[in-house]
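Engineer: Letter by letter, the chains look like this.
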Amino acid sequence: MLANQPSLTLYFLPLLQRFWPGFLPGQYRAQLVTKQWQTADMLQLSLKVSTRWPGFVPGQHVLLTLQHNGRYISRPFSICSPLSLWQSRQLIQLCCKINRTGEFTPLLHLLDEGAVVTISQAQGNFHWQQPAIPAVFVAAGSGITPIAAMLLSQRHWLAPVTLYYRMRGIENAALLKDLQQLATRQPLFTLQLSDSLTAPAETLQQQLGADLSNQQFYLCGPQRFMQQLHNTLSQHGVTAERIKQEQFGLALPSASGSTTDTLLSAHFIRAGFSTTVTLNSQHSLLQSAEQHNLAPRFGCRMGVCFQCVCDKVSGQVRDMRNGALSGHGAEQIQLCVSQPVTELVIKL
Amino acid sequence: MKLSTEQFNALEHELDSVKQQVQQQLGDADARYIRRVLLVQRLSALSGRVLMVLGFITPWLWLVGVLLLALAKILDNMEIGHNVLHGQYDWMNDPVLHSKRYEWDIACDAGSWQRTHNFEHHTYTNIIGKDRDFGYGLLRLSNDFRWRLRNLWQGGTYLLLSMLFQWGVSYHELAAQRVFFGKKKADRHTQVSDSELKKAFFGKGARQLIKDYVFFPLIAGPMWLWVLCGNLLANLLRNLWTSTVIFCGHFTKEVHVFTAAECEGESRGQWYYRQMLGSSNFTGPTWLHILTGHLSCQIEHHLFPDIPARHYPAMAKQVQAIAAKYGIPYNTGSFVRQYSTVFGRIMRYSLPGGAKAVKGL
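Protein chains in written order, with the UniProt record's numbering: chain A, 1 to 348; chain B, 1 to 361.
Here chain A stands alone, though its shape is the one from the complex:
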């Protein structure tokens, strides 16, 4: 009340940031200790996290926030290092796939060692729930990161575990050395590599289908890959409760778009001012709003962080992650994973 801001911390933020660059309320500072290429496009960052950071469950991710051109931008990254590294040395490691044409990840490559970045609390509920039951892990591409953290963190092995690790060319397998070491050290752990350049997806599906008894499945990889696996497992009678998965990346169309896409109109109400824009039904509302210079608040851009939640006044949207349709009335939606289905009125 005294500060006209939601909290005194926000009121004093300009002062606090003078003394602690990178300070953000509700976030934690982390210092980049080393960065190292795991593969040609996977950069591993070792971060020394603040002592205030409350820790993580292996399999969780953090939002990494940077300032670029005066804007705060953030993306989620899974922690790929074992719990013991954080417990003993306050270090966490993130394995980040660098998309050279992207907005965010090329900046990670430019960070100097010693630079201060901002991370969130660990988030997400993808973790190894019952280590006493035999389990199968399937990882594809950068989907290996949360799974590596789960496996490398495990101290007491109780049941056999198989990891199917699918990658495009063996030289593109991040964290491979650590996992191979684990396989030689731990007899209950089997590592099965599957190279998509030589082995078709069906081979992996057959391998999986061969032994389905009494097992839990942990899947992590690109959207399409996981959809296929999920279908295969369902066909073999694996119930949904036995499958845990974490989605990586969102299949966003490029901003240019093709002319065949449906166009819909929407009224964005921002700062009391209504702007009517034409939306491409294949784009997320966040992309469209940004193309029209409306600059809504955003975070991870994949439905994780809930910073872009806005009030939809009317109209229907589709959740891009699973195709679910919303109602037609007033409700809150996440702009980054919502596509327009009908005409919309949205308060930014």
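If you're looking for bench data, these hints aren't it; they were derived computationally from the structure.
A quick note: this is a predicted structure, and the numbers were derived from the prediction, not measured.
A few of these clues could be false.
Restricting the straight-line Cα-Cα distance to at most 30 Å, the calculated cross-link-like pairs of lysine-lysine (DSS-like) are [what the hints assert, rightly or not]:
#1 B/K317 to B/K184
#2 B/K184 to B/K130
#3 B/K356 to A/K347
#4 B/K19 to B/K356
#5 A/K347 to B/K253
#6 B/K325 to A/K347
#7 B/K130 to B/K185
#8 A/K177 to A/K35
#9 B/K198 to B/K211
#10 A/K35 to B/K356
#11 B/K183 to B/K198
#12 A/K347 to A/K244
#13 B/K100 to B/K253
#14 A/K48 to A/K35
#15 B/K317 to A/K347
#16 B/K100 to B/K199
#17 B/K130 to A/K347
#18 A/K244 to A/K97
#19 A/K347 to B/K185
#20 B/K199 to B/K184
#21 A/K48 to A/K177
Pulled from the structure, derived: some chain B residues nowhere near chain A, Cβ distances all over 12 Å [as the list claims (entries may be wrong)]:
#22 Q20
#23 M92
#24 K185
All residues carry an ideal CB built from backbone N, CA and C; glycine is no exception.
Start from chain A and add chain B according to the hints.
Structural biologist: Quick look at chain B alone, frame taken from chain A:
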């Protein structure tokens, strides 16, 4: 219409490209600038409040404290609050400087301001019957309004409005919606119910009153009366300044006024044209521009309300050149000159008769 359709389209194109040029270069420099202003604002607010208490050493400290607090409030309301609430810094994705989150040190609730000012005033600038900012329903500023007896003493009304300006701004939406007095207007639409308006008005107002006239005096102990008077004075200085700046932006002698009929179905080029005719600038040094929140460049602000205001002085040169090219009057002058025409206007129309401000587009 003084310009042809082709000319309006060309005008639209030229002004759009002025805007686009600036939009493309937004970045670190803008972020650094607004954060620095925010830092200065915080430091002057804090030191001002402390110095007022130290007034027991010498009253001069108290006076400096009052001036610093007034400066803090002016910066908060003008260069920071007004501009942030317009969404000028939304692109920064900042936890404080975002139109959806910012709340300012003034009696008016930020949401109410966005509805009446950003939407109503900026869309329907100077359209009689649509933009209540032209005279605020209190002052008769042209012969397009019928003379009433109360206009006779509108010089006094103006002085009172200026002194209590933050409350006028805060009450603005409630007056338009006839929440307490008058008959509801059938043609007014709103997304907000009367009870929500009242809640925001009394809630924000009470918070401001308690802060400046209860909390800070209380923690000042024996200096409570000094602090209370100091806060009152700081609020008064801020009210007078903001009111003066805003009057200079819209009520100078040359400013144009429009009827709803002539603006029906206007193109974007025509909207730009109307914004240029309906606003006025004043010149001055950089510090003066900052203290006005760059509303000294009211014309540019009305053309480009969501461009970070520090770019307005540079854009003004381009806009003025474009105005000259199309023969559109560009209303600017020194602060003293512009303000004297405002005052002259208020006094002239307190008497019956006078010229009509609607000249037709």
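Engineer: Determine which of the earlier numbered hints do not hold for this structure and return their numbers in increasing order.
Structural biologist: 1, 3, 4, 5, 6, 10, 12, 13, 15, 22 and 23
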